[in-house]
Amino acid sequence: MSTVALLAITGLGLGALYFLIAAGLSLIWGLMRVLNFAHGAFFTVAAYAGWVASEALPADALWLRWLVSLVVGIVVGALFATLTETILIRPLYARHIGQVLVTVGLALATIALVEGGFGSDPRKIALPEWMTATTKLAGAAIPNTRLLVIAIAALVLALLLYFLQRTRYGLIVRAGVENRAMVMALGIDVQKAFTLVFAIGGMAAGLAGVLAAAYYGTIDPGRGTAMLIFAFIVVVIGGLGSVTGSAIAAVIVGLVQQFLNFYAAAGVGDFAVILLLAGVLLVRPGGLAGSST
Amino acid sequence: MNDGVLLDVRNLDVFIGESHILQNVSFQVREGGITGLLGRNGVGKTTTLRGILGLVRRTGSVTLAGDELTALDVPQVVRRGVGYVPEDRDVFGGLTVDENLRLAERPGSPLRYELVYDLFPELRTRGAQRAGTLSGGQQQMVALARALLNADNRILLIDEPTKGLAPLVVGLVTNALKRAAEVATILLVEQNLAVAHKLVRDVIVLDQGQVGFIGNVEQLMGDPALARKHLGVAHG
Ligand SMILES: Nc1ncnc2c1ncn2[C@@H]1O[C@H](COP(=O)(O)OP(=O)(O)O)[C@@H](O)[C@H]1O
Ligand SMILES: [Mg+2]
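If you're matching them up, the sequences are chains L and S in order. Counted from 1, the first sequence has number 222 at position 222 by my numbering; the numbering is strictly sequential. Counted from 1, the second sequence has number 187 at position 187 by my numbering; the numbering is strictly sequential.
FYI, nobody ran anything at the bench for these hints, they're computed from the structure. Bear in mind the structure is a predicted one, so any value in this text is a computation, not a measurement. Beta carbons are placed, not taken as given, at the ideal position from N, Cα and C, and that holds for glycine. Treat the hints loosely; a few may be bogus.
Unchecked claim - Part of the chain S face toward chain L, derived, beta carbon under 8 Å: (1) A71; (2) P75; (3) V78; (4) R79; (5) Y84; (6) E87; (7) A104; (8) R154.
Unchecked claim - Interface residues of chain S toward chain L, partial, derived using beta-carbon atoms under 10 Å: (9) L53; (10) Q76; (11) V77; (12) R80; (13) P86; (14) D90; (15) V91; (16) F92; (17) G93; (18) E99.
As the list claims (entries may be wrong) - Some chain S residues flagged as far from chain L (calculated, every beta-carbon gap over 10 Å): (19) G33; (20) D73; (21) R124; (22) G136.
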């Protein structure tokens, strides 16, 4: 029982990280039809920026260091994403292959630069004591970082839904996901919504970078790419363009991966996620939130 | 600017891929009332409207009340006061009726909700319904309402608003267009010749991407040979 609880919470935690990456990917695809391979780079650069900031602060101010790294990660993620959209994506408007290639190039270059600057070995993260401790839940000792990541992802989901459902820009984004040309034909400068969606996606990815650092206790240059692959799967399973679909798919993928990696064999969970993707695409080509055609 | 001319289209050319879809199209739309843009299927009526808005790449000149539009992007053209009701309606199916209308509200423009709800009372009662679940006629009402809503629209480009609608709804839409023409200038593409005849004053007829006839609706409809030549049918 306690193992099940631990696996469930760990899987949810992993799903929470996937969701934070997938939400932005999904909105960016839905609105702009850009597969943003640079999203993993937002994650990685934010994680390293957070770590650098934390290292620059007094060694024993652990909570301060972590909170500063959190803010730095979010801001750096947002800035990096905004610059990517305005400098690299925008000039290639409507040239989708070019846009995809540019994001792949940016991802590869960023990883190489981070490796060059910080080495490819994992770096240990300084965490407040509470984050290295556990909480007893259903008989299991649950690492507090799991709970933290889940709570923050739930908050982000609520904020995103509020943005999409209750604000004018959210309305523009939802409409743009359906029919971008018609949004323009209503006199709306959809370009601003593109930049905004990139900034929001970068924020969430940056947040994921810092939270993943706490979740795993370390950062390394390759994790962004590894997480990005599963986040893409989450986006497709959830239905391209749907934040709620991404949230549901992220939970499913995180749980499947954890349970099968534990009860079957390491690696089986990862493989099962690919099968799950294939299965969903066969039954519902539009993903969970999409139409079945 | 000529007297009374609101929209002036000159030498409009549109290429899509290799095909020369519009060839040197020139015409003027007088201020007030409804001008008909007619012609058989596939002659370029929709492309003309899309060209005016900038939704397709075009060369030539389009001026609205003397202001050149061709250098502007689509949202800028629209904000100069051009309302668009596309041929396939293009309502946002995942959004509610209210959200569709709210999205269409242009900041700074006075809004005509009273007129809209007067013409289409259903839009008020169905405000919370997803537009994707509406009938074709109701979706057409949403599409027309989006264009009518902004009181600073100077011209409405309306593309086959009665296409595929039941006769009763055609009547409703016809009536709405008549009322709309009292508050804005309309350039109307209409394949239903009875409707066009009832509403339109000036006509421009396109023929294979070129202007084939410009004149008065009675000249065209009253001359069976002319009507057959340009529209494929005579209309009594
Ligand atoms: N996106 C497009 N790609 C290729 N051809 C097009 C496209 N849009 C329109 N056309 C062609 O341009 C011509 C005019 O089309 P259209 O303006 O829709 O005509 P109408 O509205 O008068 O029926 C047609 O021959 C049509 O096939
Ligand atoms: Mg047409």
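Evaluation of the provided hints:
1. A71: With Cβ-Cβ at 16 Å, over 8 Å, it is violated.
2. P75: It holds, given that the least Cβ distance between P75 (chain S) and chain L is near 5 Å, below 8 Å.
3. V78: At 4 Å from the nearest chain L Cβ, V78 (chain S) passes the 8 Å test, so the hint holds.
4. R79: holds, 5 Å
5. Y84: holds, 5 Å
6. E87: This hint is violated: E87 (chain S) lies away from chain L, its Cβ roughly 12 Å from the closest one there, beyond 8 Å.
7. A104: holds, 5 Å
8. R154: Where the cut-off is 8 Å and the nearest Cβ of chain L is about 13 Å from R154 (chain S), the hint is violated.
9. L53: This hint holds: L53 (chain S) lies near chain L, its Cβ roughly 6 Å from the closest one there, short of 10 Å.
10. Q76: OK, holds: Q76 (chain S) within 10 Å of chain L, min 8 Å.
11. V77: holds, 8 Å
12. R80: holds, 9 Å
13. P86: With a closest approach of 7 Å, the P86 (chain S) hint holds.
14. D90: Check passed: Cβ of D90 (chain S) comes within 4 Å of chain L, closer than 10 Å.
15. V91: Nearest chain L Cβ about 8 Å off; hint holds.
16. F92: This hint holds: F92 (chain S) lies near chain L, its Cβ roughly 5 Å from the closest one there, short of 10 Å.
17. G93: With Cβ-Cβ at 7 Å, under 10 Å, it holds.
18. E99: Interface hint status for E99 (chain S): holds (6 Å vs cutoff 10 Å).
19. G33: Since the minimum Cβ distance to chain L is about 23 Å, G33 (chain S) lies beyond 10 Å and the statement holds.
20. D73: violated, 8 Å
21. R124: About 19 Å separates R124 (chain S) from the closest Cβ of chain L, which puts it past 10 Å; holds.
22. G136: holds, 17 Å
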